[in-house]
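Visitor: Each chain is listed here by its residues.
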Amino acid sequence: DVKVTQSSRYLVKRTGEKVFLECVQDMDHENMFWYRQDPGLGLRLIYFSYDVKMKEKGDIPEGYSVSREKKERFSLILESASTNQTSMYLCASRGAQNTGELFFGEGSRLTVL
Amino acid sequence: EDQVTQSPEALRLQEGESSSLNCSYTVSGLRGLFWYRQDPGKGPEFLFTLYSAGEEKEKERLKATLTKKESFLHITAPKPEDSATYLCAVQAGGFKTIFGAGTRLFVKA
Numbered sequence: 001d002v003k004v005t006q007s008s009r010y011l012v013k014r015t016g017e018k019v020f021l022e023c024v025q026d027m028d029h030e031n032m033f034w035y036r037q038d039p040g041l042g043l044r045l046i047y048f049s050y051d052v053k054m055k056e057k058g059d060i061p062e063g064y065s066v067s068r069e070k071k072e073r074f075s076l077i078l079e080s081a082s083t084n085q086t087s088m089y090l091c092a093s094r095g096a097q098n099t100g101e102l103f104f105g106e107g108s109r110l111t112v113l
Numbered sequence: 001e002d003q004v005t006q007s008p009e010a011l012r013l014q015e016g017e018s019s020s021l022n023c024s025y026t027v028s029g030l031r032g033l034f035w036y037r038q039d040p041g042k043g044p045e046f047l048f049t050l051y052s053a054g055e056e057k058e059k060e061r062l063k064a065t066l067t068k069k070e071s072f073l074h075i076t077a078p079k080p081e082d083s084a085t086y087l088c089a090v091q092a093g094g095f096k097t098i099f100g101a102g103t104r105l106f107v108k109a
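So the protein lines, in turn, are chains A and B. Okay, so the first sequence: first residue is 1 according to this note's numbering, each after it adds one. Okay, so the second sequence: first residue is 1 according to this note's numbering, each after it adds one.
The following block holds chain B by itself, in its conformation from the complex (with noise of 0.2 Å):
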């Protein structure tokens, strides 16, 4: 069965302190993996897609990675405007696109 799995659930971060984040995935037959943040109360916004195994993609603070069974969302030197929830999904055939239950992250000032 198609599964993801994030870590932490919630990670509470100084602001300039760098980590990552983990997505882990089980999945035949990958098409694409996707990292969303979320804002309170609003919807997920795109942030990248990876399709294979050693790619990476970055934008501003953040950095997406894939490996053959998980991917990292890596910040560096975080802002608090860099806190929200941070959602992993991955597609693999048909239409579906499966989410992990996201990392609340804070960071504080």
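One chain only, chain A, in its complex shape (with noise of 0.2 Å):
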């Protein structure tokens, strides 16, 4: 069964700390995302990877960073966590074609207070 992970389902933080999201998927799949999830305003897409050590830009990249070291992680950084930055935070895969499904996580449920 594909699976896509992600490290913390719940986590609460202090405004100022630096947070950082883990996903990992056994899929093989080139591309990575990370979206967050607020009410009202569905999934807006904050940083992909189609590749090993590359990134690009989403809709909403401010106050996030992200690294892809190995082909099956991704991992979003909040190097100093807002409470603007309370959200559902979901990762997704989808493979070397360049349409098709995302799988996504189970998320990540981030509290900064």
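Be aware that a few hints might be false.
To be verified - Here are the simulated DSS-like cross-link-like pairs (lysine-lysine), alpha carbons at most 25 Å apart as the crow flies:
#  : chain 1 : residue 1 : chain 2 : residue 2
1  : A       : Lys13     : A       : Lys71
2  : A       : Lys53     : B       : Lys96
3  : B       : Lys59     : A       : Lys3
4  : A       : Lys70     : A       : Lys53
5  : B       : Lys96     : A       : Lys71
6  : A       : Lys70     : A       : Lys57
7  : B       : Lys42     : A       : Lys13
8  : B       : Lys57     : B       : Lys68
9  : B       : Lys59     : B       : Lys79
10 : B       : Lys96     : A       : Lys3
11 : B       : Lys42     : A       : Lys3
12 : B       : Lys96     : B       : Lys69
13 : A       : Lys71     : B       : Lys42
14 : A       : Lys57     : B       : Lys96
15 : A       : Lys70     : B       : Lys68
16 : B       : Lys96     : A       : Lys55
17 : B       : Lys68     : B       : Lys42
18 : B       : Lys69     : B       : Lys57
If you're looking for bench data, these hints aren't it; they were derived computationally from the structure. Nothing here was measured: the structure is a model prediction, and the numbers come from that model.
Mind docking these for me? Both chains are given alone in their own frames, and the hints should help you get the complex.
Guide: See below:
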């Protein structure tokens, strides 16, 4: 069974802390994505990566960075967490073809106090 | 600008009461329209992909259809376990998939 695993389901952090969200996929997919989901706004793309060490900004990259050192792992980093980054974060992957469905992880709910 | 709009925001049905969810989209060069189901506190789960106007896909009580401007997710004789948020998404050129805000479906026994 294909799987996208996010390391933390629930996190509570304080303003100014550095936060790491990790995502691992076992499908040998080239493309990986980080979205955030907020009520009424749907899923918004933060960053994506189409290959190891490659990254592209999505629609809302401000305040975030990413790292893709290995094909199966894509990390989202909040350098200095702020309260407006409280959200559900979803990691997804997709195969080498430039279209097709996304496979999502279970999500990481982050609360910044 | 590429955009996806879903309606209604929420839909309450009695068990067995069939209905449809709407997804309107504006995109230059549609490469695929996707439907996902999302249960509370979980990630979206893929349901269907539609590629061209006139295409239809079915799975159990769900049927997705596509025109040049919108897609419908028809739910026939729903059961309480169909309660979830249904997300519509489109992919145009490039890597990005654009999501609508979703329709929350509640089915009462």
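Visitor: Decide, hint by hint, whether the structure agrees.
Guide: Hints, verified against the model:
About 28 Å separates the Cα atoms of Lys13 (chain A) and Lys71 (chain A), which puts this hinted pair outside 25 Å; it is violated. Proximity of Lys53 (chain A) to Lys96 (chain B) is assessed by CA-CA distance (about 18 Å); at most 25 Å being required, the pair is judged to hold. For a cut-off of 25 Å, the pair hint linking Lys59 (chain B) to Lys3 (chain A) stands: about 22 Å separates their Cα positions. Restraint check for Lys70 (chain A) and Lys53 (chain A): the C-alpha separation of about 8 Å stays at or below 25 Å, so the hint holds.
A C-alpha spacing of about 19 Å is found between Lys96 (chain B) and Lys71 (chain A), which places the hinted pair at or below 25 Å, so the restraint holds. Of the pairs offered as hints, the one joining Lys70 (chain A) and Lys57 (chain A) holds, with about 19 Å between alpha carbons and a cut-off of 25 Å not exceeded. With a C-alpha separation of about 21 Å, the suggested pairing of Lys42 (chain B) with Lys13 (chain A) holds against the 25 Å cut-off. Between Lys57 (chain B) and Lys68 (chain B), the direct Cα distance comes to roughly 16 Å. Compliance with the 25 Å bound is thereby established for this hinted pair.
Pair hint Lys59 (chain B) plus Lys79 (chain B) holds up; C-alpha atoms about 14 Å apart against a cutoff of 25 Å. Among the hinted pairs, Lys96 (chain B) with Lys3 (chain A) is consistent with the structure: their alpha-carbon atoms are about 21 Å apart, no more than 25 Å. Between Lys42 (chain B) and Lys3 (chain A) the CA atoms are separated by roughly 13 Å; this keeps the pair inside 25 Å, and the hint holds. Between Lys96 (chain B) and Lys69 (chain B) the CA atoms are separated by roughly 19 Å; this keeps the pair inside 25 Å, and the hint holds.
For the proposed pair Lys71 (chain A) and Lys42 (chain B), the alpha carbon gap of about 24 Å is at most 25 Å, so the pair holds. Between Lys57 (chain A) and Lys96 (chain B) the alpha-carbon distance is near 10 Å, which keeps this suggested pair within the 25 Å criterion. Between Lys70 (chain A) and Lys68 (chain B) the alpha-carbon distance is near 40 Å, which puts this suggested pair outside the 25 Å criterion. Restraint check for Lys96 (chain B) and Lys55 (chain A): satisfied, since their Cα atoms lie roughly 13 Å apart, inside the 25 Å limit.
For the hint linking Lys68 (chain B) to Lys42 (chain B), the alpha-carbon distance of about 31 Å lies beyond 25 Å, and the restraint is violated. Taking the CA atoms of Lys69 (chain B) and Lys57 (chain B), the gap is about 17 Å. The hint holds against a cut of 25 Å.
In this structure, the hints that do not hold are numbers 1, 15 and 17, in rising order.
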